[in-house]
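Participant: Spelled out, the chains give:
There are 2 protein chains.
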Amino acid sequence: MQIPGPYLLFLGNTPHRLDAKTASGILDWRSELCTGQCRLDADTVDLGLPDMSPAAAAAAGARTLVIGVATFGGAIEEAWIDTLLAAIRAGLNIASGMHARLGDHPAIAAAARETGVCLFDVRHADRRFDVASGRKRSGRRLLTVGVDCAVGKKYAALAIHHALATRGIAADFRATGQTGILIAGGGVAIDAVVSDFAAGAAEALSPDNAPEHWDVIEGQGSLFHPAYAGVSLALLHGSQPDALVLCHDPRRAHIDGYPDYPLPTLTACIAANVQAARLTNPAARCIAIALNTRGMNQSQRDSIFASARKETGVIAFDPIATGANAVVDTLLAGQFRPKHTRPLTEGELT
Amino acid sequence: MQIPGPYLLFLGNTPHRLDAKTASGILDWRSELCTGQCRLDADTVDLGLPDMSPAAAAAAGARTLVIGVATFGGAIEEAWIDTLLAAIRAGLNIASGMHARLGDHPAIAAAARETGVCLFDVRHADRRFDVASGRKRSGRRLLTVGVDCAVGKKYAALAIHHALATRGIAADFRATGQTGILIAGGGVAIDAVVSDFAAGAAEALSPDNAPEHWDVIEGQGSLFHPAYAGVSLALLHGSQPDALVLCHDPRRAHIDGYPDYPLPTLTACIAANVQAARLTNPAARCIAIALNTRGMNQSQRDSIFASARKETGVIAFDPIATGANAVVDTLLAGQFRPKHTRPLTEGELT
Chain A
35 MQIPGPYLLF
45 LGNTPHRLDA
55 KTASGILDWR
65 SELCTGQCRL
75 DADTVDLGLP
85 DMSPAAAAAA
95 GARTLVIGVA
105 TFGGAIEEAW
115 IDTLLAAIRA
125 GLNIASGMHA
135 RLGDHPAIAA
145 AARETGVCLF
155 DVRHADRRFD
165 VASGRKRSGR
175 RLLTVGVDCA
185 VGKKYAALAI
195 HHALATRGIA
205 ADFRATGQTG
215 ILIAGGGVAI
225 DAVVSDFAAG
235 AAEALSPDNA
245 PEHWDVIEGQ
255 GSLFHPAYAG
265 VSLALLHGSQ
275 PDALVLCHDP
285 RRAHIDGYPD
295 YPLPTLTACI
305 AANVQAARLT
315 NPAARCIAIA
325 LNTRGMNQSQ
335 RDSIFASARK
345 ETGVIAFDPI
355 ATGANAVVDT
365 LLAGQFRPKH
375 TRPLTEGELT
Chain B
35 MQIPGPYLLF
45 LGNTPHRLDA
55 KTASGILDWR
65 SELCTGQCRL
75 DADTVDLGLP
85 DMSPAAAAAA
95 GARTLVIGVA
105 TFGGAIEEAW
115 IDTLLAAIRA
125 GLNIASGMHA
135 RLGDHPAIAA
145 AARETGVCLF
155 DVRHADRRFD
165 VASGRKRSGR
175 RLLTVGVDCA
185 VGKKYAALAI
195 HHALATRGIA
205 ADFRATGQTG
215 ILIAGGGVAI
225 DAVVSDFAAG
235 AAEALSPDNA
245 PEHWDVIEGQ
255 GSLFHPAYAG
265 VSLALLHGSQ
275 PDALVLCHDP
285 RRAHIDGYPD
295 YPLPTLTACI
305 AANVQAARLT
315 NPAARCIAIA
325 LNTRGMNQSQ
335 RDSIFASARK
345 ETGVIAFDPI
355 ATGANAVVDT
365 LLAGQFRPKH
375 TRPLTEGELT
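Chains A and B, in that order, are what the protein sequence lines are.
This note's numbering applies: residue 35 is where the first sequence begins, and numbers increase by one.
This note's numbering applies: residue 35 is where the second sequence begins, and numbers increase by one.
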């Protein structure tokens with residue numbers, strides 16, 4: 035699956051910025067891919083991009099309309115259909131992260147057939163996966179894990195990948211959710227894989243690589259989430275991470291949407307993730323805490339970083355506010371040198 | 035999904051009894067449902083049932099041909115097709131636990147349409163599931179868990195259900211795999227559910243029930259399995275078990291098919307399962323060890339039971355050799371009385 039850019043970001047008629055997190059994510063990380071935004075009315079959230087009709091966006095060079103809003107239950111809304119059909123008639127491909135498939139909508143399917151544009155349902159893998167083999171793969175891997183859903187696992191992975199790339203270190207961002215896939219242009223929506231094959235899909239997502247290469251893998255869910263922990267565990271086992279980064283939003287009071295489920299402590303969350311990760315990679319360890327400190331001033335931020343560090347013994351950072359340079363320093367500090375499987379040569383010994 | 039019995043057990047041409055475990059399981063637990071067996075040649079495994087052609091089985095009252103053998107990758111073999119078509123023409127429904135769907139085979143689909151028989155793909159749910167809610171349900175639940183796949187989780191659950199039913203205690207066996215579903219006539223193949231909904235499917239499988247009613251739920255996989263642990267964790271969280279029974283085959287040397295993966299100790303396996311189970315049911319605890327002691331004499335069996343009991347502090351039994359009466363004694367010993375949520379009446383206090 036390779037989605038042609040640039041994109042027209044479609045925002046429907048949602049007034050809530052949080053519902054537009056797919057569009058915001060693409061704009062935050064791949065602004066060079068964003069030709070404009072398409073909003074259905076004046077109350078719709080404004081990302082600050084030029085407003086464009088599908089025809090105007092196509093004329094300006096856009097190749098794909100991306101549905102940038104989430105809906106309850108992942109449905110494609112009837113209010114969107116006229117605009118989606120206009121986009122198809124203007125020659126734009128359509129990309130969607132909804133559970134519902136674009137091709138299952140008769141008018142959309144018919145229009146796409148007529149004009150020959152592509153429909154990308156990024157939530158649904160376009161291939162089958164094997165059962166996980168458990169075989170240790172070459173290369174190095176970092177996985178972001180969370181105390182809960184929606185605490186910054188994707189942003190932490192993107193920031194770490196960005197910091198690695200800025201220093202010229204070979205690395206790939208590996209997307210496991212729909213927004214990540216639209217940012218990266220590829221990946222696997224792990225939560226949409228049949229559960230027998232979820233760990234196998236995670237293995238396929240980060241194949242064997244050069245010994246010094248880093249795959250930075252976007253985490254999903256939480257081992258402490260009553261609905262999604264199985265997804266998190268399959269991703270953890272299949273990813274075989276050398277390094278874990280635990281993500282947290284300090285304002286979160288309980289598992290989001292599950293008021294009866296308290297959050298685990300950072301320490302308990304690290305312990306559970308490291309213990310589970312060591313099944314497939316005995317060298318796994320947690321190297322940093324990613325905290326969402328939006329709205330805090332410098333002194334509040336310093337204080338919350340210090341407190342996380344005191345509790346866990348590892349560094350804390352904010353993917354947006356501070357960037358992930360400190361994480362890269364840790365990765366380069368020598369603890370992650372590949373284990374030599376042959377005798378060292380004289381040159382290597384000196 | 036309600037599969038009409040009695041069954042004709044189809045064994046294909048497999049010479050290996052282990053490949054016929056679906057047929058053996060049905061025969062062991064629901065012999066009254068088995069009209070006969072259908073074997074393609076003289077080398078095929080013999081379960082001791084009368085050999086019958088599909089037409090003869092239909093004449094003898096059979097309603098459904100059950101594919102009782104497993105194949106590598108879950109494919110429907112070409113060598114079977116003539117017999118399956120003959121069964122359909124004789125008016126038998128077909129039930130299959132393969133990954134491949136019966137209805138995807140053009141000749142089978144056409145014949146079934148013509149004669150009006152039903153095709154049951156028990157591995158594929160005939161409904162959609164919600165995301166798990168984490169809401170505590172009424173009634174009591176027991177889940178069998180394992181150190182590995184294929185260590186007796188289904189047999190342990192069936193034996194416990196049988197022992198409860200024999201004592202007149204309200205209980206249901208809840209099947210989570212294809213053989214269990216064919217034995218019970220219903221259930222959910224949890225490993226075939228999309229991973230986002232696996233815990234939700236487990237919640238749907240054992241709905242609210244009377245306070246004293248037991249759901250005895252068939253476990254899947256192992257938290258220590260590099261491919262299937264995510265399935266096991268989703269089932270554990272969605273089942274909300276009050277009681278866990280850990281299943282083990284003492285002859286197993288490592289995770290089956292994964293020689294690099296050692297088995298966990300019974301103690302480590304109990305600890306990991308109880309810790310994870312307490313996320314959705316803080317009262318969860320392990321009450322027994324089910325051991326497969328096939329081929330052992332009484333003294334070997336006593337010794338291995340004693341050793342398991344010494345290591346774990348809970349009773350050990352063999353679902354086949356000893357039955358599960360001791361487990362029912364433990365369940366009835368008072369530790370599982372429902373918590374009263376209203377003041378006790380005078381009658382209850384005395």
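Since the hints were made in silico from the structure, they are not lab data.
Honestly, I wouldn't trust all of these hints.
Any copy, or any two copies together, can satisfy a pair, since identical chains are not distinguished.
As a list, the in silico SDA-like pairs of lysine to any residue whose alpha-carbon atoms are at most 25 Å apart [what the hints assert, rightly or not]:
id, residue 1, residue 2
1, Lys-170, Thr-299
2, Lys-344, Thr-301
3, Lys-170, Gln-334
4, Lys-55, His-288
5, Lys-170, Gly-107
6, Lys-344, Arg-135
7, Lys-344, Ala-287
8, Lys-55, Gly-202
9, Lys-55, Ala-244
10, Lys-344, Ala-134
11, Lys-170, Gly-39
12, Lys-344, Arg-319
Participant: When no copy is named, should Lys-170 and Gly-39 be tagged within, between, both, or neither for a Cα gap of at most 25 Å?
Facilitator: neither (35 Å within a copy, 46 Å between copies)
Participant: State whether the alpha carbon distance between Lys-170 and Gln-334 is at most 25 Å within one copy, between copies, both, or neither.
Facilitator: The answer is neither: 42 Å in one copy and 38 Å across copies each exceed 25 Å.
Participant: At 25 Å max between alpha carbons, let me know whether Lys-344 reaches Arg-135 within a copy, between copies, both or neither.
Facilitator: neither (47 Å within a copy, 55 Å between copies)
Participant: Could you place Lys-170 and Thr-299 in one of the four classes (within, between, both, neither) given a Cα distance threshold of 25 Å?
Facilitator: Between copies only: 23 Å across chains, 30 Å inside a chain, cut-off 25 Å.
Participant: If the cutoff is 25 Å on CA atoms, where do Lys-55 and Ala-244 land: within, between, both or neither? Let me know, please.
Facilitator: Classified as neither: same-chain Cα gap 34 Å, cross-chain 43 Å, threshold 25 Å.
Participant: When Cα atoms must be at most 25 Å apart, do Lys-344 and Ala-287 count as within-copy, between-copy, both, or neither?
Facilitator: within (21 Å within a copy, 42 Å between copies)
Participant: Regarding Lys-55 and His-288, is the shortest C-alpha distance of 25 Å or less found within a copy, between copies, in both, or in neither?
Facilitator: within (21 Å within a copy, 45 Å between copies)
Participant: At 25 Å max between alpha carbons, let me know whether Lys-344 reaches Ala-134 within a copy, between copies, both or neither.
Facilitator: neither (45 Å within a copy, 53 Å between copies)
Participant: Given identical chains, is Lys-344 near Arg-319, meaning Cα to Cα at most 25 Å, within a copy, between copies, both, or neither?
Facilitator: Answer is within; shortest intra-copy Cα gap is 17 Å, inter-copy 33 Å.
Participant: From the Cα coordinates, with 25 Å as the cut-off, is the pair Lys-344 and Thr-301 best called within, between, both, or neither?
Facilitator: within (11 Å within a copy, 32 Å between copies)
Participant: Which holds for Lys-170 with Gly-107 at a C-alpha limit of 25 Å: within a copy, between copies, both or neither?
Facilitator: Classified as between; 23 Å across copies, 37 Å inside a copy.
Participant: Using 25 Å as the alpha carbon limit, work out where Lys-55 and Gly-202 are close: within a copy, between copies, both or neither.
Facilitator: neither (29 Å within a copy, 55 Å between copies)
The structure shown violates the earlier hints numbered 3, 6, 8, 9, 10 and 11.
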